[in-house]
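Line order of the protein sequences matches chains A and B.
Anchor point for the first sequence: position 212 equals 212 in UniProt numbering, and the numbering is continuous, going up by one each time.
Anchor point for the second sequence: position 304 equals 304 in UniProt numbering, and the numbering is continuous, going up by one each time.
Think of the hints as simulated: they come from the structure by calculation, not from any bench.
Incorrect hints may have been included.
All copies of an identical chain are treated as equivalent in the list; a pair is satisfied when it fits inside any one copy or across any two copies.
Taking lysine-lysine and the BS3-like style, the derived pairs with C-alpha atoms no more than 27 angstroms apart in a straight line are [claimed, not checked]:
(1) Lys75 / Lys54
(2) Lys27 / Lys75
(3) Lys158 / Lys300
(4) Lys136 / Lys376
(5) Lys81 / Lys158
(6) Lys28 / Lys334
(7) Lys28 / Lys75
(8) Lys388 / Lys75
Protein chains: 2
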Amino acid sequence: MPEISVRGLEMPQSPIRKLAPLANDAKKRGIKVYHLNIGQPDLPTPQCGLDALKNIDRSILEYSPSQGFQSYREKLIPYYKKFNINITPDDIIITTGGSEAVLFAFMACLNPGDEIIVPEPAYANYMAFAISAGAKIRTIATSIEEGFALPRVEQFEKLINEKTRAIMICNPNNPTGYLYTRREMNQIRDLVRKYDLYLFSDEVYREYIYTGSPYISVLNLEGLEDNAVLIDSVSKRYSECGIRVGALITRNPEIRQAVMKFCQARLSPPLLGQIVAEASLDAPEEYYRDVYDEYVERRKTLIDGLNRIPGVYSPIPMGAFYTVAKLPVDDSEKFCRWCLADFNYEGETVMMAPASGFYTTPGAGKNQVRIAYVLKKEDLQRALVVLKKALEQYPGRVDDE
Amino acid sequence: MPEISVRGLEMPQSPIRKLAPLANDAKKRGIKVYHLNIGQPDLPTPQCGLDALKNIDRSILEYSPSQGFQSYREKLIPYYKKFNINITPDDIIITTGGSEAVLFAFMACLNPGDEIIVPEPAYANYMAFAISAGAKIRTIATSIEEGFALPRVEQFEKLINEKTRAIMICNPNNPTGYLYTRREMNQIRDLVRKYDLYLFSDEVYREYIYTGSPYISVLNLEGLEDNAVLIDSVSKRYSECGIRVGALITRNPEIRQAVMKFCQARLSPPLLGQIVAEASLDAPEEYYRDVYDEYVERRKTLIDGLNRIPGVYSPIPMGAFYTVAKLPVDDSEKFCRWCLADFNYEGETVMMAPASGFYTTPGAGKNQVRIAYVLKKEDLQRALVVLKKALEQYPGRVDDE
């Protein structure tokens, strides 16, 4: 047979999804699996979004415009305005999930061999999209001990060379829950201007910020009109991961023009998802508040619970609905596999994402896992009990001195 | 600002969609536009598919599996069996439209610089996906005079070199409506085996074959288990272009394994679209028959009508719902633009896709257009009247000697 492409071989498996076959096997054996691995909220989609589905009155499910429906793009304007993001419908390109927005941003802006600086741990699929585009991720380390704060500007500058073309951040951060401070955002802004880089910012978790600190969008950084690209998605804010509706937003018309060619090639973003997403913008304030309050509660439950398990440490995430926690194990991937394949406590086990997949530095994050707090409080509490038992029984337990 | 990527600059604009702004302007001026440019059928989606939408009883629109729902993949087995394609659910990967299936096939199988041989005229977006993957399309010319039949094997072999990694066909063909014969398919099979190439075959129009000739899927060619990749989509067979559900099917597990990594990176195909597509498999035989009969009628109307306009020539397409026709004009893109910007007949005009966008050979197809017969008979008849008038008035008219 002909050979698989180098890119096809190099593409990482998703650290979030690669253990899914083991989880399926466990379920077949009758074991209940608590899914702490994936950012799939169990909270309901807004009723207005679900109603819009039932009320679709079309006899043909036809293509939508490559850029997305005009009506939807117009309706997004007041939504962004609530976050002081002032844009026009023309600035918005609707994509098939935030995933496609990242891929198209990389495709349109980066040449093969170009480098993107990304603070690690980072959302693993950025690596995958970089490989798809032939670009190279250079990670800048952040540490659990420092709560994943951004390193000083000198650390960035050490990585910058003639191939450096972009910085990519996720804010609030997946997987760490870190929220960039005003000082950090200004530091990034200055770097981007100084070296004339692109700045891609994935801000899909803006609804979930738990401290008094402000959320600073890249679209609010002065002087970055030509450099900043916002990546967005409705997946997390409306519990609509399955409808595959995201957005790429930039004030730079040249980027939009290039991205639109990739959009035309894939014809259109999902019609049905756009209808649901557009209707979901009518969700009442209570919807946002209830969801927010729920996450506040879950965050407290999870983080308190984790830090009470001997040998476990989690910083307190400031946003999103993930945390990266340190476990007393030799290798978190081995541990996660063991939990699914060889362990259960009273017929139950936990599935987590090994954090090594969120790092590119070899060996980094080897005793860390990403945990999503997307399950209801009782399930989280029970999952914590199961995790505690698993850590007690795991043969590869390693305690710090 | 930083530079747009070379790929972003090289990406072609869609010949099908790039004139859309002119069409929108015409509509704003109150002109009715007959859309002959795009393969968006006006026939209804199956009622069972629409009903499934109304009956969705989920409170969370969550991710679906990266490979697509197991239930849907299982239900596809008897569908393919009707066409003598015998596969298992594991062989199928559900994609976000046929577009994503092409992109992922290229990404997983082709290295930057690799060459793919494609008979031209070809579906324009293959070029776009090849550029996305850094691969190079080498086209082999077919001609309107010979009804777009495949050239002899020697013509293919002239193009084959150490960079050649794949052949891509579309059967029945978009844009020409050509259906590959048994002899041609065997010729391609022998080439693929001799040079150990991948064979990608886009067969989304298999329902629409108007001659007694058999449809031969690549999955039915012997000895190509490791080489053949079928690209599919429900867009055309169920008038469901907007739901973005396609498939990549191959018996080669290594290809599937590589493709699945790209699938995991984009998380999942559209949930809602899969629900509709799965339900649409229950469409009664009458649905398929009615749609088929309608296209037979439209094909006759269009092709007869075209060939009756002085100076126009169209071969008789054997499948799909397009034809590539020769017009008595200096430059079909100029003509198509003129139809939208500067012409109307009794308040109406036509939009067609300039065929040059379906060729890579410079100058090829310059007096050709792709016409989709996706409008109802009366509209097609009226569009033919308008086209005839346009050709009479067009300042760039050029008649053959």
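Q) Is it within a copy, between copies, both, or neither that the alpha carbon of Lys158 lies no farther than 27 angstroms from that of Lys300? A) neither (37 angstroms within a copy, 68 angstroms between copies)
Q. When no copy is specified for Lys28 and Lys334, does a C-alpha distance of 27 angstroms or less occur within a copy, between copies, both, or neither?
A. within (21 angstroms within a copy, 62 angstroms between copies)
Q. At most 27 angstroms between C-alpha atoms: does Lys136 with Lys376 qualify within a copy, between copies, both, or neither?
A. Close neither inside one copy (38 angstroms) nor across copies (50 angstroms); limit 27 angstroms.
Q) Within a copy, between copies, both or neither: where do Lys28 and Lys75 come within 27 angstroms Cα-Cα? A) between (45 angstroms within a copy, 22 angstroms between copies)
Q | Within, between, both or neither: Lys75, Lys54 at alpha-carbon 27 angstroms | A | Both. Shortest intra-copy (21 angstroms) and inter-copy (24 angstroms) distances satisfy the 27 angstroms Cα cut-off.
Q. Which holds for Lys27 with Lys75 at a C-alpha limit of 27 angstroms: within a copy, between copies, both or neither?
A. between (42 angstroms within a copy, 23 angstroms between copies)
Q.
My question is about Lys388 and Lys75: at a cut-off of 27 angstroms on alpha-carbon distance, are they close within one copy, between copies, both, or neither?
A. neither (46 angstroms within a copy, 42 angstroms between copies)
Q: Using 27 angstroms as the alpha carbon limit, work out where Lys81 and Lys158 are close: within a copy, between copies, both or neither.
A: Answer is neither; intra-copy 37 angstroms and inter-copy 59 angstroms both fail.
Comparing the model with each numbered hint stated earlier shows that hints 3, 4, 5 and 8 do not hold.
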